[in-house]
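A.B. asks: Chain residues, written in single-letter form:
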Amino acid sequence: MEEVDNIIIHTLKQIGCDLPDSIDSLKKFSTELVVAATVQCLRVIKDKFDISPNLPPGMSAKFRVGTALANACLELGYQGEIGYQTFLYSSETEIRRLLLFLIEKLPRDSAERTDEALGTSALMQRAIATEISRQLKTTWSAPYCKAKGICWRGTKPKLWHREGVIGTRAYHSCSLSVPYGVGDLTKKLHKELKQYYMKELAVITNQPPHKADLPASVLESNATSVTAAQEWENEWNSSGLGSGLSEQDYRLRKQQRLKKKITDQLRQGIQKSEATVAAAATTDLMQTLNTFTDKSASKTKGSRFMHAEKLQFTEDDAKTAVQMGIGEGAPKLDTEEDLQQKREKEVECLREALQGLTSQIEAMEIDMRKYTANTQQMEELILVMDRSVSDKENSYKVMKRTLDLLPDADANIAKLQSVVDSSAQRLVSLANQWEKHRAPLIEQYRQLKELNEGKVSESQKKLEEIKSFREKMKIVADETRSKEDLHKQLISEYERMTKGVNRSAYTRRILEIVSNIKKQKDDIDK
Amino acid sequence: MELSVEALGGLQLCGDSAHVSDKAFIVLVRRVCDNLLKDSTDTSVLDDEGLSNVDRAVLKLCFASLVTLVLEAAKHDSDASTISTILEDCKFTADRIDILNKIFISKKPEIQALLSNIGHTPPHIVDVDWRLDFYLKNNHVDKVNEPVYMVTLKTEEGGQEETKDVQFACSMEQLQDLVGKLKDACKNLEKASQL
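Those sequence lines, one after another, are chains L and B. Just so it is clear: in the first sequence, position 23 is 31 by the working numbering, and no numbers are missing. Just so it is clear: in the second sequence, position 132 is 220 by the working numbering, and no numbers are missing.
Next up, chain L with everything else stripped away, as it sits in the complex (with noise of 0.2 Å):
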């Protein structure tokens, strides 16, 4: 029964139960273990499945553990001998039996969900994995043996790794251009341009400047690109589409709309910057002013000054010319203050001067105002004048036409009457013609109309099948992708696998029993 306890013992520690590697046959499980075990597989089978694989110390609580456990085997199906003495003293045979009978409830596909949770990560991890191994066993050779870092094994396949970072060189990829467009004959390219793509554009090897960038350069460029496309894509099938535009025209607009945002976003920068920069000015010119009137005022003051130095000086020669000894002091104190006093006055008669002539201008402005006021008044009666002139003289003309008709009131009555009736035919045969043009002219309308709404409809309707096939493309080259990278990993997997232990413990067990049967036959046969 050896090979029979191994494949229990592997199939609980697939399912997850944490049994020690010392246990390698049913005989050594313990009552916890059992428990576990059962519970663990229980677990798996329900979904919605609440005891604790601890087993509880209180006895009454292990065995309301142990019938609640034999409850769920038997509510699965379990044709055995069954109660909560099979977990809590529990024999060998029982348990197999028990076990052997859950493992087989066990939900099939549950191994394979595991697997494919595997996913990319796993296998990649492995790959590392490996890969260290490799490296781990080959064995160390000096700096000098290696080129640039590199160790290189083996002939076929060739195998490195890399041991030293001599040759190493930082990412730094440069823009690459590549002639575009050669290739299409429907398409003519410009001749200046096919000119630079023959004899100018150097190949994209000599592009760098250092030839150890072109992986990088060539990688990155692929890549902008791609993202590029996927990104369109991407734009294209969430607001493109609904647009109802051309793919080009689309674009056009788009580039339209980018083209006011930065125009509006420069101009409201000059805009701001011409704000600050007039502020700047102004206050500028202020300071100019300032400094002029400064100077200017620092200036007068000079000369004042100096003019009064003069006076005083020439003053004073002669004075000194005239009379000597006499103080110096009062005179020049009196001509000075003499000077102010007179051109105070001055000033003030200017001042006074100034003031009346202003109050007079303003006096005239207003008188000039109101006289304009008063012609465009005059104008306005004129017209108003005019008008009713007007209107009598046509209410007159009136007037005298009914008093020349009266004398022959009913003559004139009748033909009156005859006009109007001509002219209501007029109009009803007028209106007449209208309806037969205008009938036809509707109908034609809302047909058009129709027949719009209609197309309309349908576009929006093709429009959300392309959608919706879009999505499906998307969807089924998802799948195809995911289902061949599962197809690739099952594979390896399946080269991983240990063909050994397992499928021959299986094997034996399936021949046994076929040779049982065998033997039971032969016995039914006797």
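Hint data in this document are derived by calculation from the structure and do not stem from the laboratory. Note that the structure is predicted; figures quoted are calculated from it, not measured. Incorrect hints may have been included.
[To be verified] These stretches of chain B come out as covered by chain L in the derived footprint (C-beta under 8 Å, 3 or more residues):
#, stretch
1, 89 to 99
2, 152 to 162
3, 271 to 283
For each residue, glycine too, the CB sits at the ideal point set by N, CA and C.
Guided by the hints, dock chain B onto chain L, whose structure is given.
C.D. replies: Using the frame of chain L, we list chain B on its own:
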């Protein structure tokens, strides 16, 4: 592995025998791998005699797209079947696909090694010199009697041929700590290898 529209367009041109003859194709693919792997840029593709009858602009485009294909394929570690599906989409004939795969697969390890050069790595220790000094005493203490290890690590740095020295002195405990850390690292590496 995804290629840009430009690269795919170039590959389509490359697969078209009207633009690139069979002979020229073989030469071109060889040149792509050689140009990537060799440092010297003295011989340009444009001067190759085998490619003289190919239109210059077409040649430049084909060359660029083949370089992109080869580098991307090496980056993704693509096998022959993946490349075949891409090339079939670009209307390559079976012969040409075989030729390209043969040349590429033989050169793939070298190209991957080339790609592994890209990157920034911390200095790499390649050698160590050490000296054990015994510290007897100083002017304050008459008896110190401690060992002092003078360690010089030789390190390599990216893009430099000469090794650099990293010098430090440490006590016995510190050195033991360092050795313990290194052993831990080794153990972790082994653990990582047994996944």
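A.B. asks: With reference to the structure, classify each hint as holding or not holding.
C.D. replies: These are the hints, each one checked on the structure:
no.: 1; hint: 89 to 99; result: holds (count 8)
no.: 2; hint: 152 to 162; result: holds (count 6)
no.: 3; hint: 271 to 283; result: holds (count 6)
Checked against the numbered hints given earlier, this structure breaks none of them.
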